[in-house]
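Asks: Given next are the chains, with one letter for each unit.
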Amino acid sequence: MREQAVVTGLGVAAAKIDRAADLLAALDDGHEPRDFDPASRRGERQSRYHDTATLMALGAATEALEEAPRAGDDPGEAAGVVVSSNLGNLDTVCRVVEVLRRGSAEALSPMDLPKASSNVIASTLAIRFDCRGVNLTVCNGASSGTDALYLAAVAVRAGRARRVLVVGVEAAHPPARRLLEAAGGGDGKRKARLVGGAAAVIIEAASSASSRGARTYAQIDAYAHDKGASPVAGSIDAALRRAGRRRPGLWIAPEEDGSSADIEGSALPLDGARPPRVLDLSGRFGLLYGALGVFQCVAASLWLQGRAAAANEQTAVLTSGSRREGASSLVMRGGGNGPAQREPE
Amino acid sequence: MGDLVITGAGVVTSIGQGRVEFFEALCRGASGLGPLAYFEPRLFKQRSAYEIAGQVEPMRSSRLLGRAVRQALQDAGVEAGAEGMVVVVGTGLRELRSVELWHAGGAALRPERLHFADAMREDLGFAGLTLTLSNACAASSFALGVAEDLLELGEAERVLVAGCDTLTESMFGMLDRVNPVGLSALRPFGAAPKGVLMGDGAAAVVLERRDAARARGRSPLGVVKGVGMNCDAYNATAPRQDGIEASMREAQRRARIAPPDVDLLVAHGTGTEQNDRTEALAIREVFGRRRVPVPVTGLKSMVGHTSGASGLVGVVAALEAMRRSLIPATAYVSALIDEARDLDLVTGEARAAEVRVAQVNAFGFGGLNAVVILERPPDGPGA
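Protein chains in written order, with my numbering: chain C, 543 to 887; chain D, 11 to 393.
Treat each hint with caution, since some may be false.
Unchecked claim - Cross-link-like lysine to any residue pairs, in silico, SDA-like; alpha carbons within 20 Å at most:
id : chain 1 : residue 1 : chain 2 : residue 2
1  : D       : K55       : C       : V641
2  : D       : K55       : D       : P45
3  : D       : K55       : C       : A756
4  : D       : K55       : D       : A268
5  : D       : K55       : D       : E165
6  : D       : K55       : C       : Q546
7  : D       : K55       : C       : R719
8  : D       : K55       : D       : V191
9  : D       : K55       : D       : G192
10 : D       : K55       : C       : G614
11 : D       : K55       : C       : M653
12 : D       : K55       : C       : P652
13 : D       : K55       : C       : G645
14 : D       : K55       : D       : N189
15 : D       : K55       : C       : S651
16 : D       : K55       : D       : A202
17 : D       : K55       : D       : L193
18 : D       : K55       : D       : R187
19 : D       : K55       : C       : D779
20 : D       : K55       : C       : R643
21 : D       : K55       : D       : G44
22 : D       : K55       : C       : D654
23 : D       : K55       : D       : E283
24 : D       : K55       : D       : S194
25 : D       : K55       : D       : A195
26 : D       : K55       : D       : P203
Don't read these hints as lab results, they were simulated from the structure.
With the hints as extra help, turn the sequences into a complete structure.
Replies: Shown next as structure tokens:
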């Protein structure tokens with residue numbers, strides 16, 4: 543009997559969101575996005591050895607692991623890490639080549655060597671939290687965060703890991719902003735600016751969660767990717783079909799191509815008179831790019847916890863990607879044993 | 011679940027492309043070392059590397075990937091547009107060279123070209139899921155491990171696993187900064203001077219269930235018995251011996267074999283003091299109880315360190331070694347580091363030997379370890 547993949551911990555490190563539990567509330571407030579200040583993140587010291595993306599990832603992961611700690615006798619061999627980040631170490635690469643061309647290789651700092659490798663975030667998380675299992679860095683463009691969650695669920699379901707720390711992170715350093723914002727969106731101009739941030743979830747085998755006595759937010763039910771003529775609608779439909787679910791109660795839209803026109807003909811009617819509720823994270827927070835899928839998972843997990851018994855309320859669909867790149871959708875199911883409600887302070 | 015088999019393979023390196031030609035070059039002890047082709051040499055102590063010269067920049071990695079993938083698909087008799095296929099690409103440096111050229115040279119770059127989905131679609135007409143994993147020097151072996159899991163779960167009917175990397179100026183510069191002197195070659199397990207030299211490379215294999223291959227009338231090139239993947243969780247650049255040992259043991263456990271069963275070990279062998287010492291000690295520890303030492307060879311003295319592509323380049327070499335009953339020698343190495351003196355490192359000439367089971371090691375920065383166990387198909391390998 544295959545393990546099911548469930549969500550047991552959440553974390554966020556982003557502007558104006560102090561903890562994961564505040565993410566849904568932040569979606570209801572109008573606010574101006576501002577750049578993340580690592581020094582303001584509780585518990586994480588500024589470090590000249592870590593780049594901004596790594597610092598944010600550490601902050602989000604710390605929160606998620608506080609909520610879902612490993613059992614004392616749980617060896618690190620079955621604890622994996624999957625990171626989604628496209629632009630994470632571009633600042634290091636660009637800075638190094640500038641210094642190099644102005645002088646020579648002798649002018650470089652050996653401290654930069656680990657950061658030149660795109661897996662620096664995932665490796666730093668593994669070192670900090672003693673995770674010795676499978677370790678993947680997914681750089682898959684706009685759908686990368688959703689694809690990373692998929693691979694974490696695959697690792698759990700294949701028995702490769704008992705739990706996986708999944709972190710999606712992008713840092714809004716100048717080369718990242720130039721590359722992403724200049725490229726333009728589907729209508730030739732991206733509507734928002736790259737703000738960046740990190741989100742973390744703990745994906746765990748259901749049996750591991752229950753043997754810890756942990757409560758679960760939601761279960762990962764299915765995933766699909768589509769690169770056809772209508773990839774957003776196509777991936778939603780394929781994922782819902784695989785999950786054996788019908789109408790979801792929540793849809794979280796991609797950064798680009800998330801309008802009702804893009805899901806025309808799909809299983810998601812958006813006539814306003816009935817579910818699903820629709821959330822658009824980047825409309826509020828700015829572009830999250832490779833981090834989006836994991837932010838979506840945090841939002842969906844919060845929405846699904848302790849959901850009412852009505853069947854369609856218990857299903858959420860999350861989509862990231864674009865018409866141009868292709869889209870990935872994840873179906874999550876709640877209605878299980880939600881964790882105790884976190885009391886606002 | 012039945013065996014997973016490789017039904018096609020492709021490879022592109024500085025000593026040749028195509029699995030047959032590549033293997034023959036390895037057995038001849040060819041070297042891909044040449045003067046720096048794409049960077050200003052005066053910036054560096056090291057003025058040579060194992061590059062594939064004569065290409066147009068930017069987007070070299072994507073083009074090498076396309077060549078290797080095309081070979082593998084043709085070898086396997088699979089169309090790029092075939093249903094039910096997923097592509098997983100392991101890379102250490104993705105298109106970061108193109109980022110350098112965009113940042114410092116004004117070349118055009120769209121963000122979606124940092125990963126390889128667009129290259130697969132535009133170059134090969136593949137419109138399914140392409141996953142790009144940036145897993146340092148073990149990336150393409152991790153890609154094979156992910157493919158193993160996807161097939162185990164029935165998430166795909168077949169998986170095209172690939173690796174590709176080209177030199178980046180930033181990584182070459184930083185390695186130059188930490189190498190003590192310029193090097194005349196990369197010498198796996200060789201005596202001083204120690205240090206790594208980068209190479210360009212790409213490789214690809216088609217992985218599917220044995221019964222699916224049979225239904226298509228294809229003879230496998232080899233069986234993937236298991237991939238062990240783990241992380242040292244120790245240091246950003248230095249390897250940890252017990253983490254490496256654990257990855258080897260896990261691969262063997264998944265493959266249901268024991269150290270005496272291994273007929274060939276294709277080492278990671280980067281030529282650095284840290285890797286070579288740690289890997290040699292780990293091999294001694296894991297294989298130490300055998301009466302006869304396991305034959306070990308290193309390819310990087312011929313093709314350089316092809317970063318994330320190196321694991322799968324090693325897999326293609328191992329498949330050919332099994333097919334040809336021939337182990338290429340670790341070229342240009344004679345005097346060894348102390349820790350490697352007890353190893354049966356194949357040096358000098360290629361060695362004729364039956365290879366039924368092969369192990370391929372790949373260890374990357376950040377403690378990423380992936381070890382692949384391959385087996386020769388029982389009814390004989392494909393031509």
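Asks: Decide, hint by hint, whether the structure agrees.
Replies: Cross-check of the supplied hints:
no. : hint             : result
1   : K55(D) / V641(C) : holds (16 Å)
2   : K55(D) / P45(D)  : holds (12 Å)
3   : K55(D) / A756(C) : violated (56 Å)
4   : K55(D) / A268(D) : violated (44 Å)
5   : K55(D) / E165(D) : violated (48 Å)
6   : K55(D) / Q546(C) : violated (53 Å)
7   : K55(D) / R719(C) : violated (34 Å)
8   : K55(D) / V191(D) : holds (7 Å)
9   : K55(D) / G192(D) : holds (5 Å)
10  : K55(D) / G614(C) : violated (50 Å)
11  : K55(D) / M653(C) : holds (19 Å)
12  : K55(D) / P652(C) : holds (15 Å)
13  : K55(D) / G645(C) : holds (13 Å)
14  : K55(D) / N189(D) : holds (9 Å)
15  : K55(D) / S651(C) : holds (15 Å)
16  : K55(D) / A202(D) : holds (17 Å)
17  : K55(D) / L193(D) : holds (9 Å)
18  : K55(D) / R187(D) : holds (8 Å)
19  : K55(D) / D779(C) : violated (56 Å)
20  : K55(D) / R643(C) : holds (14 Å)
21  : K55(D) / G44(D)  : holds (14 Å)
22  : K55(D) / D654(C) : holds (18 Å)
23  : K55(D) / E283(D) : holds (19 Å)
24  : K55(D) / S194(D) : holds (11 Å)
25  : K55(D) / A195(D) : holds (14 Å)
26  : K55(D) / P203(D) : holds (14 Å)
Of the numbered hints listed earlier, those contradicted by the structure are 3, 4, 5, 6, 7, 10 and 19.
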